[in-house]
Structures are given as C-alpha cells and as structure tokens.
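J.: Position chain A relative to chain C; hints supplied.
Spelled out from the first residue to the last, the chains are:
Protein chains: 2
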Amino acid sequence: MRENILSKVSPNPVEKAYVRKVTDKAVKLVAEQADKIHSGLSVMVVGSVAKDTYVYPPDIDIFILFPKETRREDLAKEGLQIGRAVVKDAEERYAEHPYIHGWIDGLEVDIVPCFRVDSPAGLKSAVDRTPFHTRYVLQHISEKQRNEVRILKQFLTGIGIYGAEARVQGFSGYLVELLILKYGSFEDVMLAAQDWRRGTTLWLEEKKGKNEFDTPLVFYDPVDENRNVASALSEDSFAIFLRACDDYLTLPQESFFFPKAVKIWSVKTIRAELQERGSRLLVFSLNRPEMTEDNLYPQLRRTLDGVRRLLESWSFPVVDGAYSIKEKEVVFAFELLNDELPRMRLHKGPPVWTENAQRFLEKWKEKSYGEVFIENGCWVAKVPRTHRTAKELIEKEIKGAALGSDFRTLSGLKIRNHREALRAELKADLTLLLDKTPPWKR
Amino acid sequence: MRENILSKVSPNPVEKAYVRKVTDKAVKLVAEQADKIHSGLSVMVVGSVAKDTYVYPPDIDIFILFPKETRREDLAKEGLQIGRAVVKDAEERYAEHPYIHGWIDGLEVDIVPCFRVDSPAGLKSAVDRTPFHTRYVLQHISEKQRNEVRILKQFLTGIGIYGAEARVQGFSGYLVELLILKYGSFEDVMLAAQDWRRGTTLWLEEKKGKNEFDTPLVFYDPVDENRNVASALSEDSFAIFLRACDDYLTLPQESFFFPKAVKIWSVKTIRAELQERGSRLLVFSLNRPEMTEDNLYPQLRRTLDGVRRLLESWSFPVVDGAYSIKEKEVVFAFELLNDELPRMRLHKGPPVWTENAQRFLEKWKEKSYGEVFIENGCWVAKVPRTHRTAKELIEKEIKGAALGSDFRTLSGLKIRNHREALRAELKADLTLLLDKTPPWKR
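Going line by line, the protein sequences match chains C and A. Just so you know, we're using the working numbering here: the first sequence kicks off at -11 and counts up by one. Just so you know, we're using the working numbering here: the second sequence kicks off at -11 and counts up by one.
If you are wondering where the hints come from, they were derived from the structure by calculation, not from laboratory data. Hints should not be assumed to be uniformly reliable.
Each pair may be met inside one copy or between any two copies, as identical chains are not told apart.
As the list claims (entries may be wrong) - SDA-like, lysine to any residue: derived pairs with alpha carbons at most 25 angstroms apart:
no.	residue 1	residue 2
1	Lys198	Trp253
2	Lys76	Thr11
3	Lys379	Gln263
4	Lys336	Ser301
5	Lys170	Tyr82
6	Lys336	Glu300
7	Lys314	Glu96
8	Lys13	Glu223
9	Lys336	Ser303
10	Lys9	Ile92
11	Lys351	Pro339
12	Lys379	Gly266
13	Lys415	Ala64
14	Lys24	Leu237
15	Lys353	Asp224
16	Lys336	Pro305
17	Lys65	Ala78
18	Lys336	Asn326
19	Lys424	Pro339
20	Lys429	Gly146
21	Lys132	Val371
22	Lys13	Val31
23	Lys379	Leu329
24	Lys336	Arg186
Same shape as in the complex, but just chain C (with noise of 0.2 angstroms):
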C-alpha cells in the first residue's frame, strides 16, 4: 500500500521537469516586471516547490524581496503591480498584506511581496520568515524525507485538515515538514501521536521558546522560537488527526489517503434518519457577504456559536449546528433536541428578604400562572415563555446573538422550521449537519 501511496502522491519526472519550467519562467517574468519599477528587489522561489516537498499539482509561491526600509504601502502597491503582471485570471488575496493569486501555464502561482531582513528576528511581517522556513528545511531535510512529507500531506488532504487556512484550521505544509524532521517518517508520526494529549509541545535540537501557548499542539518554530507553527490548529482538527492515526495504526488503509467523495443523502433518507433519533431542524440562511474565505470562515464560526448558545440559553438544546457557503448565501443548519416547548417556565427569583424582591413580585404577579411561590427562601414565578418554537426565537431574538459583524444587518434572513427544512435543496448542507462519518470510512 505504501508504495501505492507514493506513486500517487510523488510526482513524476515529466511532472517535475514541468514545475521546474514553469516556476522558472514565472521567476523570471517577475524579476523583469520588478526590474522595471524599483531596484535592489530579488526573487525568491519559496514554499513546497522550493523544498521539493509538494504534491503535484502544486502551488507555486513567488517572494518579492523588498529592502526593509520600503514604505508598506509601496511594497503592497508594487507587490500587487508587479504580481497582475505576469500571471493569468489575478486575483488579489490577503495574508498580513496583500498579495497575488493567479496561473502560468496552468499550474497556480502566489506573486508575494515580503521584506528582506536580515533575521527571524527583525521581520516586520509575517510572511517574512518564509524564506528562513524554505532555507531551513532545505538545510536539514533528507532526499527520503521529501517523499515522507509528501505521504502525511496526503494523508491530512484525506482526513480533511492539511492547511492552516481559517476554512480548514488544520496542519500547515511547514508544520508537516517540521513533523518529519523529528520523527524521520510518516509511520514514526503516526506512532509518536499516540502519546500525544492536548498541550503536547514539541520542538527541535532543544530550539524551545519560552512563550506559553493554549493551543491543543505547540510546535516551536526552529527558525523563530517565539512562535507556534501549530497555532493555527483548531481544537476539533486535533482531534480528528489523533482519531485518524488512532485508526490508521489499526488498519491502514487507503481511505485516509483517498477518501469516497461525500454521498449526499435523500431527502427520504434524511427524514428517516431524524424520524429515528426523534430530532428536529432548524435552519436559517443569509445572504453571503463579499469578502475573503479567511475573513468569512471565521465569521460563519462566530455566527454559528453565536446563534447555538441563544438557542440553548432558551432552553432548545442543540444536537449540533453546520454551516455552509453558497453562491449567494450561507446556510445554517441545527439539529435540536426539540423544536417546541412547554407554555410556562420556572422564572427563580431573589429570596425573599432581599431588595430586589418586591419588584421581581409586582413585576411577575399578574403574568403567573398562580400565585408566585416561594421555595428554599426564594420566589419563583410560573410564567408564559416568550418563545415557544425555535423558529419563533431565532426570528425575534437573532439580532441580540453574539454574530459574525458581517452578518449583523441580517440581510437575506431566511429562516425555516423543521418542515420547511426536508426539502431537496437543502440536502448537502443537512448531510454535513447530519452525517458524522469520517472521510476514511466512507
């Protein structure tokens, strides 16, 4: 099976010798065009392609170096210049500042421009300690060791968390290589992540900061020791990786590496499935805001806890809450526990003795059901509850959840109950609510 693995993830020599030209070329067409506005820049080719370390096809990430006296602006100004001229279909993309996404003869290219300093150190952005990430790995890893790289990248594409972009909050290319570089290969990952917990912190040749990270993994950047290559994994992605290799040293199999695509499921299928867990659906969509899937994703998050804690503080408890983007919209769909409540709740009140009393009593006494008791010292009320079915609270209390501040205007709210749920096309978003499968066992 490995050797399988490999020939698909390795790529060929008419693959290689075609990145090679390709990279070469875009090199040299963005030294031209930067020769042209600004002296003293170089070109460096960084990331996976630089290391040898990427799957085919991979992206081709092209650094600007730009003195460290440069203004920010006329680095982004002529970064993004420089960038739309040479490649195909530009679009301009976001890390700390702008940069250029687009295509050379077919393969997809990034045009970055960064700061030459002189250390980790002294950088003034973050992306600037790309190239120490490039010349580091170049210095230390084996021939071996690329294919290595290669098989975890592919086994994390599988399982869902390769990259530390905000849609996927999983491993980074470079965290990746950093792994096999301490532990030598892909099994001795597998096998060294069995003893991992939550906080497990690694590092290399004793390069360990001093800082303190809360993040489920630390992974002290050998180049930087301040920093946590691991930061941007997410709790979730953590624990899908130990489940994965959990299950992988237990049979492995090619599904980690090659899942089935998703089966969306019918909506007969949905509706019996939530027929036997006796759960109900409440899904509500917006409009899709113009922005960058690094700015929306976390916003979608926001949203999605924001709108699942009112449902629960109203006494709905949620199952569990899936977001997806569409063209237009973005949907969000909840499994509850129930979807309607009982008329009254209990509304506990102040003991008896305290200030506050006299006015929780004039305030509830007329809307009881009953006299206004008193039980352990304290008074308690029956009252009507506000919101009897979750469709009713999300219409009238939404605006007061804790949403993604691109949401906040509530443009496009569509909000539909159980029934107006089951319907055709809503069927992919209610299989990713519904359907916790991992890719593997598909």
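T.: Below, chain A alone, put in the same frame as chain C:
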C-alpha cells in the same frame, strides 16, 4: 380590628376559670400517682398555661421532675405509668424520651417526665430546659404582653407556621414569647421583621452566645445561650413569615389570623389549569409507615427531594412537588414541565486523547444514532434515551433515589402518569400541589 382579634384569641373569664380548674385537677392526679410510685418527685405546670399565654383551648403541659440521679429507663417507664393513670385516651408520644398525651375533662394534656437540674448547664435531656423557660417568661412578661403573645401566635397559626414540630417547621410558643419580650408588641414584631434577612441574629439582655448557627433566623435562648430557639424554623417558613409581615403592614386584615378554609379544586378546574400552564402531572403513592408525625415528616421531605433530584437528573424539569398523608398511604405529587422526552439524548464523552476515549467509543459506537462525533475535542454520542416518560423513569429508577428510610421497601408503590392522576380521589393532593395562594389571600 385589633380589638376584634384580641377578643377572639384571649380566653374569657369562664374559659380561664375552666382551664385553671382542669389544670389543678391534673396536677393533683399526677401528684397522687407520683407519690405512689416514687418518692421525691415534684410536679410542675409549664408551657402556655403556666405562663398564661395560651389561646383557648390550650394544651396543658404537666412536667414530673425526677431527681437527676434517676436512670433514664426508670424515668421513662415511671413517667408513662403515671401519665397513663391520669388521662383519658392515653397515647405515647416522643420528644427526647416518651411521654403521655391524653385528655382530662375535654382538654388536651401532656404528662412529661424530666430531670430536675439546678441550671440549664447541667441538663440531661432537652425537655429539662422547659421549666427554666417557663420561669424566665413568668419573670419578664408584663400583663399586656400576654395578649400580644396571643395575637402573634394566632397570626402565625393563620399563615400556617405556628409550631416547631416537624410537620410545620415554624415558630415555637417560646420563640413567640421571646419576640414579644424583645420588641414589646405584635405590631413592633411586624415592623422589626421588615429589616430581617436570612441569618438575622437576635438576643435579649446581651445574652448572646458564641455558637454560630446556620439557620434562617437565630434567637439565643436567654436561659441557655448555646441554644438557638429558632432552630426548627425552615427556610420556607421564615420566608413565608417575612412575606406575610410585608403584606400585613401593607393591608392589615383579619384574614391573616383567621383565613378561609382551603378550597379543593374540582378535577375540571385542575384539568383546565394544567391545560393553561401546559404542565404535566406525575403522582406516586406508598404505604404509610407506622410512626409519629415528627418522624414521618422528615422522611416525606427527604423522599420528595430525592425523587425531585431523580426526575431532574433524567431531564424532567420539576415545577413543584407536594406530599400528603392519608389514612393508609402517603401521596407524592409533581408538576413537571414535560413528562415525555425526545428519543435521543446527547452523551458527552472524554477528550479524544484521553485513556477513556477508547472505552467510550467501544461502548457507544453500536448504540449511537449515526457516528460518534467530535466537538471541542471531545467525543459526543447521540444515544437512545433510557427512559422517555417520567412514569417509566420512576418505575425503573426510584429504588436508586434518596428516599426516607422507611420508604425504601417501596411497599405499596403505585405510579400515575398525567392522565391517570386526573382523578377525583386525588383532587385535594393536586390542589395542594397547584394552588399556591397564601392563606390570607384565599
């Protein structure tokens, strides 16, 4: 109004003379019997008759004082023997040791043996303190205050918290007398209570003890400063008192002293009220164990609390609970927000990286609806709920609840769900559960 109340609670000359006559007769009978059995015994009238603070008709309390060298068994045996010889319908009751309750010429009489001690510091039994209480009050109370005591006793009777016995958990007669000695009059007690809080601590003549008591009200006993006269007062009785004082000062009415009788709701009314509230009934009954009320009430409370916790721990939120004693059984009734729950419940497991994770997975993976999934780094299983209805829960799990010790056999257990509880034979119990109107507002 005050005059009206006073005329009702204060004995008229005929009543006073009759009480005196019966008391004298009782003392004489007891003394005669005592002399037959044991030399050196003395007989003393104590309590409200001795202090002339009773509301007609009083209990006449006759104490037989034994030399303090007497063995406990002899004191108990001889005390009972004397008591039985002088009263009609003699019944054995218990304080710290047994005594006799019965009737003489139509008045209730308690014949209680105790040790004659020189000071409360040397007492051998809690009842030995009573003669000191009687002497203390007689030495300090004014003629006018006797009627203030009567008014306050009647007020407490009316609002349902007069008496320190387990059934009531309210104010003892002695506590009422001390309150009048402290504040001077019924009205002054009402006014003083406006400033009371949980933990309010009172004393007379700087006779404040050093002990700290964790009770809602503390009143240091002037004859034994290590004792809290209000120790029997429950949180709820204390709260009811404060509420009643507040309501009384706002609108003084005879209904505080002489409330209307409870109106038992019809089944139709009960059904309509529950319909309106949207809440549900769960009732169970058990055989009534043979024991005194003072022993039975604490067990009823313990059982009610234990079953309440059982219900809530299985996600049946309890609005309120009530117990009642019938001739042959005891009835526990609960009002629930819900008596039927969704089929599924969420079962939160350990973090993925802990030792227990594997055990959790193996235990739940077959039983779970869909895959066990990860949330915030922890396993979560969607599992079938063990008990979907409150009745089923009680049937299966009541044996594990914290019940009063004499209910643990579950002898005579009969459980009724909502529909089964809506029966005429339970309407008094259900009225008690559902109607929280305080006595003075009936």
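J.: Could you work out which earlier hints the structure fails to respect and list their numbers in ascending sequence?
T.: 1, 5, 8, 13, 14 and 21
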